[in-house]
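Q: Okay, here's what each chain looks like letter by letter:
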Amino acid sequence: MLRQTKAKLLSALTAALVVALAALFSLLSNPDGPGARDQAKPPAPADPRVAAGRRAYERLGCALCHSIAGAGNPGSPLDGVGSRHDAAALRAWIIGAEPARASLPESIARRKARYASEPDLDALVAYLQTLRTP
Amino acid sequence: MAPALAAAFWIAAYLAAVSAPLFVLLAGPTPPGGGFWRDFAMALGFAGLAMMGVQFFLTARFKRATAPFGIDLIYYFHRYLALVALAALAAHYVILRLDDPAQLGSADPRLAPGYMSAGRVALLLFVLLVVASLARRSLRFDYDWWRITHAFFAIAAVVLALWHIVGSGRYLSAPWKQALWLTYGALWIALVAQVRLLRPWRIARRPWRIAEVRPERGRVWTLALEPLGHEGLRFQPGQFVWLTARASPYALREHPFSLASSAAGNARLEVSIKELGDFTRSVKDLRPGEKVYLDGPYGAFSIDRHPAAPGYVFIAGGIGVAPILSMLRTAAERQDRRPLVLFYGNRVWERVAFREELERLGGRLALKTVHVLREGPAPASCESGFVTREVLDRHLPAERRPLEYFVCGPTPMTRAVEASLATLGVPSARVHSEIFNWV
Chain A
1 MLRQTKAKLL
11 SALTAALVVA
21 LAALFSLLSN
31 PDGPGARDQA
41 KPPAPADPRV
51 AAGRRAYERL
61 GCALCHSIAG
71 AGNPGSPLDG
81 VGSRHDAAAL
91 RAWIIGAEPA
101 RASLPESIAR
111 RKARYASEPD
121 LDALVAYLQT
131 LRTP
Chain B
1 MAPALAAAFW
11 IAAYLAAVSA
21 PLFVLLAGPT
31 PPGGGFWRDF
41 AMALGFAGLA
51 MMGVQFFLTA
61 RFKRATAPFG
71 IDLIYYFHRY
81 LALVALAALA
91 AHYVILRLDD
101 PAQLGSADPR
111 LAPGYMSAGR
121 VALLLFVLLV
131 VASLARRSLR
141 FDYDWWRITH
151 AFFAIAAVVL
161 ALWHIVGSGR
171 YLSAPWKQAL
181 WLTYGALWIA
191 LVAQVRLLRP
201 WRIARRPWRI
211 AEVRPERGRV
221 WTLALEPLGH
231 EGLRFQPGQF
241 VWLTARASPY
251 ALREHPFSLA
261 SSAAGNARLE
271 VSIKELGDFT
281 RSVKDLRPGE
291 KVYLDGPYGA
301 FSIDRHPAAP
311 GYVFIAGGIG
321 VAPILSMLRT
331 AAERQDRRPL
341 VLFYGNRVWE
351 RVAFREELER
361 LGGRLALKTV
371 HVLREGPAPA
381 SCESGFVTRE
391 VLDRHLPAER
401 RPLEYFVCGP
411 TPMTRAVEAS
421 LATLGVPSAR
431 VHSEIFNWV
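Chains as they are written, first to last, in this note's numbering: chain A, 1 to 134; chain B, 1 to 439.
Some clues are possibly wrong.
[To be verified] Quick look at which bits of chain B chain A covers, simulated, 3 or more residues with Cβ under 8 Å:
hint, segment
1, 16-24
2, 75-86
3, 106-117
4, 323-329
5, 358-365
[Said to hold, decoys possible] Computed list of chain B residues with no C-beta within reach of chain A, every gap over 12 Å:
hint, residue
6, Gly-34
7, Met-42
8, Ala-47
9, Gly-48
10, Ala-50
11, Gly-167
12, Ser-168
13, Leu-191
14, Glu-212
15, His-255
16, Asp-336
17, Arg-389
18, Val-391
19, Thr-414
20, Arg-415
21, Glu-418
Hints are computed from structural coordinates only; laboratory data are not their basis. Ideal placement from N, C-alpha and C gives every residue a C-beta, glycine not left out.
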């Protein structure tokens with residue numbers, strides 16, 4: 001067998017092994033398998049302020065660290081956050097102000113600080129307030 | 001350790017290194033499921049980076065790890081594995097993007113956190129690395145420049161990627177998972193230090209002096225080298241060295257060449273180089289007395305790996321004759337009387353390098369040389385055209401199965417000869433080839 005072909009075979013074996021292990025890991029973490037998550041986007045809110053808040057949530061890339069209804073980074077879900085915090089607390093969490101700041105790592109607090117000048121901040125708070133526990 | 005066992009060990013070690021990050025993910029506590037596709041993409045990202053890390057090891061030229069395979073195969077593997085790793089990393093990004101673009105956050109580096117921009121730049125660098133390497137010849141990149149930038153971008157890409165995964169954090173919450181990646185990172189840095197500093201330092205301490213620059217037929221130049229203040233190097237006939245000329249070993253401007261001289265001779269070595277590229281065209285300008293550096297020997301293409309064979313068959317195309325010449329010269333000095341056949345393909349008779357010496361070797365060895373020429377007038381004893389199945393069949397002895405076969409030449413020739421030998425009933429385990437143009 002040509003030596004090049006042997007190298008190709010071993011690379012293909014690696015690819016197969018890695019994809020299989022990756023799929024296994026993913027299946028163990030998500031027993032329902034692919035497509036289990038509800039991908040349907042909730043309808044646009046009727047209140048224009050809440051709609052503007054949701055657009056701001058998308059525009060600012062909040063889903064990099066947060067998820068809503070399973071969409072986004074599942075590390076810090078925001079489902080029901082409107083039931084847990086009032087408007088002032090939500091605002092503090094968004095811009096990394098006290099008292100929320102004490103619970104945030106320094107680097108994240110710094111990143112959040114820039115949202116203090118965000119013109120849609122009030123709208124974003126209004127949107128988060130609509131995320132209530134059913 | 002037997003070569004087959006050693007090969008199995010190193011393949012297992014390599015598969016373990018590549019899949020370790022995935023097993024670490026599997027071993028609890030796993031973060032709550034983030035959706036199948038998201039977690040699948042994350043796992044591919046980890047595995048892709050682990051593979052890219054193994055790439056450093058593959059080209060670090062560890063003799064123990066490369067010996068069972070032959071280093072040409074390792075470099076080919078480096079090339080194919082790069083494609084697999086890049087595919088995994090690209091899939092990591094594309095799947096996340098298709099799953100939900102919002103979870104990638106803003107692509108604007110002013111808005112995105114540093115670790116996300118680091119990941120994007122790393123992916124871009126990996127694409128550049130692979131494209132530049134695969135298209136190096138067609139884009140006519142200077143080989144030395146390519147080697148330096150390849151190493152630099154590879155290190156930059158891996159460092160950025162490590163920043164990306166440590167910054168993303170979620171899957172590495174347990175300290176021992178972070179420890180695994182920090183260990184990987186430290187290992188990679190140690191490998192880079194070994195390749196860029198430690199090995200050049202060892203090479204620099206054992207310089208060689210050019211004793212002679214000799215022209216051969218067919219624009220081939222032979223450099224004779226003598227050790228300067230050390231005992232030289234022991235090698236198996238057919239192996240090769242990395243040669244550095246008119247540069248410091250730290251500059252990493254090395255080029256691989258087969259040793260053509262006898263392995264049974266004195267400390268003086270010879271390499272025979274054909275004018276093919278930028279560096280090889282400059283070999284004739286080297287002068288006796290100049291200092292050069294050698295790293296080696298490397299390679300598994302040697303009769304000494306198969307000492308018990310009842311005889312050997314060599315099939316050379318052009319300058320692919322160099323390692324075979326070393327085996328023939330060595331056999332002559334050892335007064336080996338076993339039957340040998342050499343098929344030697346060239347374009348025209350006047351440019352057949354070493355043809356006079358091969359004739360002389362025929363007097364000292366039980367060697368039959370079959371010249372195969374593509375063009376022009378030639379002695380009646382020569383075959384014309386290519387080294388085809390018919391040519392092989394005409395000149396191979398009847399008892400051809402137990403012989404060991406060594407093929408060295410351009411890839412199309414190697415491929416064709418291997419196919420022909422298979423149809424002539426030669427077991428593939430007895431056919432050894434060395435890839436000719438693997439860098």
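Q: For every hint, state whether the structure bears it out.
A: Here is how each hint holds up against the structure:
{"no.": "1", "hint": "16-24", "result": "holds (count 4)"}
{"no.": "2", "hint": "75-86", "result": "holds (count 7)"}
{"no.": "3", "hint": "106-117", "result": "holds (count 5)"}
{"no.": "4", "hint": "323-329", "result": "violated (count 0)"}
{"no.": "5", "hint": "358-365", "result": "violated (count 0)"}
{"no.": "6", "hint": "Gly-34", "result": "4 Å, violated"}
{"no.": "7", "hint": "Met-42", "result": "8 Å, violated"}
{"no.": "8", "hint": "Ala-47", "result": "4 Å, violated"}
{"no.": "9", "hint": "Gly-48", "result": "8 Å, violated"}
{"no.": "10", "hint": "Ala-50", "result": "9 Å, violated"}
{"no.": "11", "hint": "Gly-167", "result": "9 Å, violated"}
{"no.": "12", "hint": "Ser-168", "result": "9 Å, violated"}
{"no.": "13", "hint": "Leu-191", "result": "19 Å, holds"}
{"no.": "14", "hint": "Glu-212", "result": "33 Å, holds"}
{"no.": "15", "hint": "His-255", "result": "20 Å, holds"}
{"no.": "16", "hint": "Asp-336", "result": "26 Å, holds"}
{"no.": "17", "hint": "Arg-389", "result": "16 Å, holds"}
{"no.": "18", "hint": "Val-391", "result": "20 Å, holds"}
{"no.": "19", "hint": "Thr-414", "result": "7 Å, violated"}
{"no.": "20", "hint": "Arg-415", "result": "6 Å, violated"}
{"no.": "21", "hint": "Glu-418", "result": "6 Å, violated"}
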